[in-house]
Each structure stands twice: as C-alpha cells, then as structure tokens.
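Engineer: The residues making up each chain are set out below.
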Amino acid sequence: MPIDLSQVLKDAAGAPPRPLDMVAVRDRATRPRAGHRLRLWFWAALAVLGLGVPTGLTLAPGHAPPAVRTIEGDPPAEVVDDEVARDPGVDTTTPEAGGATGPGTTLPQAPLDVHESASESAGSVLGSHGRIAFTRRSAGGQTSELNVYDTATGEVTDLSVATEFQSDPAWSPDGGHLAYEARADGIYVIGADGSDHHLVAAGDALDAVTSPTWSPRGDEIAFVRGGADPIESGWAEIWVVGVDGSGQRLLTNTREQAVGSLAWSPDGRWIAFVVFETESVHVRVLDVVSGDTRDLGEGEEPAWSTSGDRVAFMRDGSIVVADIAAENGVHSRVVYWAPRDQVMDYLTWSPDGEWFAYAFRRSDNPSYNPPYSIWVVRADGSDARPLLTETTGGQLHSPAWGPA
Amino acid sequence: MKVVTGSDVAGLGVEDFCHREYPRLYGALRLYCGDPWLAEELAQEALARSVRHWDEVRTMEAPGAWVHRVAINLANSWFRRTAAERRALGRSRPDDAFRDPDSPTLVAVRDAVASLPRRQREVVILRFFEDLSVRATAERMGCAEGTVKGLLSDAIRSLRARGLDVNDAD
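So the sequences go chain by chain: A and B. Residues in the first sequence are numbered from 1 upward in steps of one, following my numbering. Residues in the second sequence are numbered from 1 upward in steps of one, following my numbering.
Don't read these hints as lab results, they were simulated from the structure. Warning: the hint list may mix true and false statements.
Computed beta-carbon distance windows for the label pairs [claimed, not checked]:
#1 Asp55(B) / Ala325(A): 16 to 26 Å
#2 Gln7(A) / Gly142(B): 43 to 53 Å
#3 Gly247(A) / Arg135(B): 17 to 27 Å
#4 Asp364(A) / Ser115(B): 43 to 53 Å
#5 Ser133(B) / Gly268(A): 35 to 45 Å
#6 Ser133(B) / Thr306(A): 38 to 48 Å
#7 Asp244(A) / Glu56(B): 20 to 30 Å
#8 Thr105(B) / Ala162(A): 50 to 60 Å
#9 Asp11(A) / Thr147(B): 49 to 59 Å
#10 Gly297(A) / Arg135(B): 31 to 41 Å
#11 His198(A) / Ala161(B): 37 to 47 Å
#12 Gly146(B) / Gln7(A): 40 to 50 Å
Note that beta-carbon positions come from the ideal geometry of N, C-alpha and C, so glycine has one too.
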C-alpha cells in the first residue's frame with residue numbers, strides 16, 4: 001500500500017527536542033541599537049539639508065544598468081588548470097623548526113594571542129606587511145567587533161564601533177578607512193583611527209546590504225543589496241555608492257542569482273564576485289563598464305593581486321590563483337592545499353603579494369559557530385602558520401589585508 | 001497544517017507567534033536539512049529575526065510564510081557555506097553521536113527527502129508537510145503552478161527510485 005506522504009512527513013519531521021527558548025531567541029534578536037539611532041540622525045540630517053533621501057531602489061535618471069551576461073559560445077581559448085595534486089602527507093600543523101605553534105596547542109591564557117614561539121614569532125616572520133583588519137566574534141556568535149592587527153608592531157587595536165555585529169571589513173586604497181557591514185543595518189565607513197564613522201548605505205532584514213569593496217580611487221564603494229547573506233530574499237544585485245553615501249546606483253540587474261564576496265580590481269576595471277548556483281559557487285569577474293562577465297570556475301572569496309592581473313580564490317580546500325590577463329584565456333593553478341583536518345574561509349592577499357591570510361577552523365568541529373583563527377601562508381603555498389587565535393572559543397574572522 | 005496569516009497575528013504577541021511557529025519551522029527544517037540540531041539552530045535564528053523586526057512582520061499578510069522563507073534561506077546559506085567544505089573534505093559531514101530513534105521507515109523517508117535537489121525538497125515540504133495547495137506553493141516559491149507540478153512529479157519519481165512506495169502527487 002502506498003505511503004501517505006503527508007502523514008509520514010509529519011511523523012518524520014518530529015517534534016523539537018527542546019521547548020523554544022525565548023530568552024535565547026531574544027538574546028539573538030536584541031542588541032544595543034546604536035546603528036539604528038545613527039541611521040535616524042543620518043536621515044534627519046539629510047532632510048534638514050534638503051537633500052534627497054536615497055532609497056537605494058531606484059536608478060539615477062538616464063542610467064540603464066548594463067545587462068549582465070556570461071560570455072557563452074565564446075569561451076576562453078584555453079583554461080589551463082595546473083592542479084598540484086593534493087599530498088595527503090602534507091601536514092602544515094607540524095611546528096617548523098623555530099616556527100610557530102600549530103592548531104590545537106594550548107596558548108598562554110589571554111583573550112587574544114599573537115602567536116609566539118621560542119625563537120621567532122609569526123609576526124616577525126611575517127615582517128612589516130601592512131595591517132590586517134578582522135572581526136572578533138564571541139563564542140556562540142552573538143557579538144562581533146572590528147579589530148586591526150599591525151604586522152609591523154604586532155599590536156591589535158579594537159575599533160569599538162558602536163554598531164551591531166560588524167563583519168566583512170574592507171580597506172580603502174590608502175589604508176585610511178575601513179568599510180564594513182553591520183548586520184541588517186547597512187554599510188558603514190570608519191577611519192582607521194576610529195574617527196569619521198558614518199553610514200553609506202542603509203539596509204534592513206528585508207533589504208540587506210553586504211560585502212563592501214572600495215574602488216581603487218577610493219571615492220566609491222560597491223556592495224551587494226539583497227539575497228546572498230543575510231538571506232531574507234533569494235536574489236541580490238551589485239550596487240555602487242559614493243563614500244559619503246551619495247549617488248547610489250545599480251550596477252547589475254540579474255534578479256535571478258544570489259551574489260556576494262565582492263572585490264574591486266586595483267585598475268578599477270573589474271569587480272570579482274561569487275555567484276551561488278543551486279549546488280555550487282562560482283567566481284566571476286564583472287567588467288564595470290560593459291557589464292560583461294567572465295567565469296573563473298568554482299570557488300569563493302576572490303582576492304586581487306596588487307598588479308590587478310591575478311585573482312586568488314578558494315576552491316575545495318585549496319587556494320587557486322587565476323591569471324586573467326593571459327591572451328589565450330584564463331590560466332589558473334593551485335598554489336596551496338590545506339590539510340584535510342583544516343577548513344579555510346575568507347581569503348585576503350597582502351599588498352606586497354607575498355602572503356595570504358585566511359580564517360581557519362578545524363574540520364572535526366561541526367558546530368554552527370565553531371572557533372576560528374587567522375592563519376597566513378606564503379603566496380607560493382609554503383610556511384602556513386597561525387597568526388591570531390581567540391582562546392576563549394570565539395571566532396577571528398573576515399580578515400582583510402590593507403596597507404601599512 | 002495551518003499557516004499563520006496576518007489576521008491570525010493581529011492580536012498576537014511576538015512570543016505567542018514564536019511559540020506557534022516553532023514546531024512547524026523546526027519540522028520543515030528537519031526535513032530540509034536532515035539534521036535535528038541544525039534545524040533547531042536555524043529555527044531559532046529565523047524566529048530571532050522575526051522578533052527583531054516584529055513591527056514589520058506583524059503587519060504582513062503572511063508572517064508565517066515570511067519566517068518560513070527566512071528559515072529556508074538560512075538553511076540554503078548554511079549549505080552554501082558548508083558545500084565547499086564537504087567537497088574539500090571529500091566526504092559527507094561527519095555523523096554526530098546522534099542516533100535516530102525513529103522507525104526505519106521514518107528514517108528512510110527523512111533521508112530520502114533530505115537528499116532531493118533543493119527545489120524538489122522545498123516543494124515536497126510545502127505540499128505534503130505544510131499541506132499548501134499547488135497555488136499557495138507556487139506563490140511561496142515564486143514560480144508558476146506548472147513548475148510546482150513538474151517539481152512534484154520529479155520528486156515523487158526520485159523518492160520511488162529510492163525504494164519508497166509513495167502516493168502520487170496531486
């Protein structure tokens with residue numbers, strides 16, 4: 001006799017294992033709403049000054065967004081994928097001679113550690129390579145604060161930004177400012193010294209804004225509105241806004257794909273981004289002027305070289321570098337394989353091109369908010385080592401490498 | 001299964017709304033994700049967002065549908081994040097110490113539904129777990145009724161291919 005799917009599904013769904021914990025739900029939902037108050041003042045100021053209030057949902061008069069299309073039927077003449085076979089014997093967790101400690105090692109009792117070892121620190125091996133902005137999240141993921149690590153001094157600065165749950169920091173080209181995403185509130189800009197804090201693009205649960213990236217001239221910020229993350233809608237588009245919050249305009253008009261992880265090329269011509277397909281994630285580059293896109297294959301978290309001719313991204317536990325300037329197509333090669341017990345996330349490239357940094361967690365921790373550390377690896381795939389660890393079980397996440 | 005509409009919520013407080021929605025949300029997510037702990041986590045997160053935006057949510061025509069949409073999108077976001085990890089690890093996500101106490105039939109149905117492609121999975125849950133009509137399912141998924149029927153047929157075929165003798169889709 002056929003199964004009554006309706007009844008069986010109700011039985012199969014079962015009941016929640018525990019009653020709903022409204023204290024926990026309210027704890028997730030309610031935070032000091034300084035960002036909200038800041039936004040109200042922003043709108044009020046605009047009204048007083050007699051300026052238009054950008055809704056973010058209309059196009060500037062006369063502007064037609066370029067049609068975004070994938071270059072189909074005209075693929076690159078050759079996609080060379082020089083894959084280095086993954087060596088199951090490679091274990092970057094083994095401390096190198098005089099090198100840094102590996103993951104899982106108990107570190108000195110401090111909330112945040114810059115790794116030290118007997119003979120040399122990860123910081124001194126790194127040398128002076130600019131500053132790394134990152135988010136520091138509490139265990140459980142309820143709070144998230146912007147921090148900056150100076151590779152020259154080893155100092156970590158907490159910017160103590162008064163908005164809710166900061167993430168996805170992005171450096172201005174001159175290193176003087178950071179753009180970041182405040183969950184469900186909008187995209188903000190703040191000076192690297194904590195000054196000049198202001199909203200540039202407002203969002204909310206129904207119209208989220210994420211993934212800021214600066215133009216190479218430092219006068220505009222591209223970001224994602226809707227869709228990918230947070231996720232109250234199933235589609236997202238790429239927008240651009242002036243760093244003062246003016247002139248918001250739509251750059252793409254797909255209305256069918258979820259996009260994220262924007263990265264503006266140093267020459268200003270391209271914006272790299274990811275497209276969330278049904279069962280995979282692809283890295284693409286968007287020609288800002290024509291609207292044409294080029295697919296670089298499966299991957300996430302694109303990061304540009306300073307020269308602007310290469311894009312690094314993560315794919316299946318590896319770091320891939322794609323050369324998009326090659327005349328006969330896109331050449332890509334794997335430069336680093338993470339060991340199987342490690343999971344990488346949020347890739348960033350140092351301004352001098354010598355190092356990558358990424359968020360790291362152990363693969364044997366399946367929890368929804370596992371602990372994350374910041375690791376670095378040389379651009380040739382050697383010398384992977386931890387840089388920053390949160391020893392109270394929280395997350396150090398979303399690294400963004402900027403100039404000194 | 002009754003879906004909470006705007007008229008139902010009009011006089012309801014946010015806590016009552018959350019308590020009413022939670023079992024349905026959890027059930028849908030349990031079927032969608034196949035993981036009871038993840039379902040619990042995602043259901044709480046979706047309800048937290050309704051609490052945060054209660055002033056807007058309570059005036060919606062279909063607040064239950066909104067929080068369901070948020071929950072499914074949260075699950076999809078989680079899948080996107082972990083899909084790359086699963087591919088990198090070259091194996092399925094480790095099975096925790098959880099031991100499913102249900103009958104083999106329920107386990108088989110749950111596993112079969114969780115293995116369906118995303119849109120087939122969603123249409124099966126909306127039609128057979130939430131008991132929505134084809135039209136309501138199409139509205140919820142933002143697609144045509146014909147698309148819903150096609151997805152249902154494909155889903156039923158997939159479930160039968162896994163050895164489940166299920167009744168026909170409407």
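Engineer: If a hint holds in the structure, say so; if it does not, say that too.
Structural biologist: We went through each hint and held it up to the structure:
Restraint check, aspartate 55(B) to alanine 325(A): a C-beta distance of roughly 51 Å breaks the suggested window 16 to 26 Å. Roughly 28 Å separates the CB atoms of glutamine 7(A) and glycine 142(B), a value that falls outside the hinted 43 to 53 Å. Separation of glycine 247(A) from arginine 135(B) is about 42 Å and departs from the stated range, judged on CB atoms against 17 to 27 Å. Hint check: aspartate 364(A) to serine 115(B), Cβ distance near 24 Å, so the stated range 43 to 53 Å is violated.
Checked against the hint of 35 to 45 Å, the C-beta distance between serine 133(B) and glycine 268(A) comes to roughly 51 Å, which is inconsistent with it. About 57 Å separates the C-beta atoms of serine 133(B) and threonine 306(A), a value inconsistent with the hinted range of 38 to 48 Å. Separation of aspartate 244(A) from glutamate 56(B) is about 28 Å and conforms to the stated range, judged on CB atoms against 20 to 30 Å. Range check, threonine 105(B) to alanine 162(A): Cβ separation about 54 Å, and the 50 to 60 Å hint holds.
Taking the beta carbon of each, aspartate 11(A) and threonine 147(B) are about 28 Å apart, not inside 49 to 59 Å as hinted. A hinted range of 31 to 41 Å for the beta carbons of glycine 297(A) and arginine 135(B) is consistent with their spacing of about 40 Å. Evaluation of the 37 to 47 Å hint for histidine 198(A) and alanine 161(B) yields a failure: the beta carbon distance comes to about 57 Å. For the hinted restraint 40 to 50 Å between glycine 146(B) and glutamine 7(A), the CB-CB distance of approximately 27 Å leaves it violated.
Checked against the numbered hints given earlier, this structure breaks hints 1, 2, 3, 4, 5, 6, 9, 11 and 12; the rest are met.
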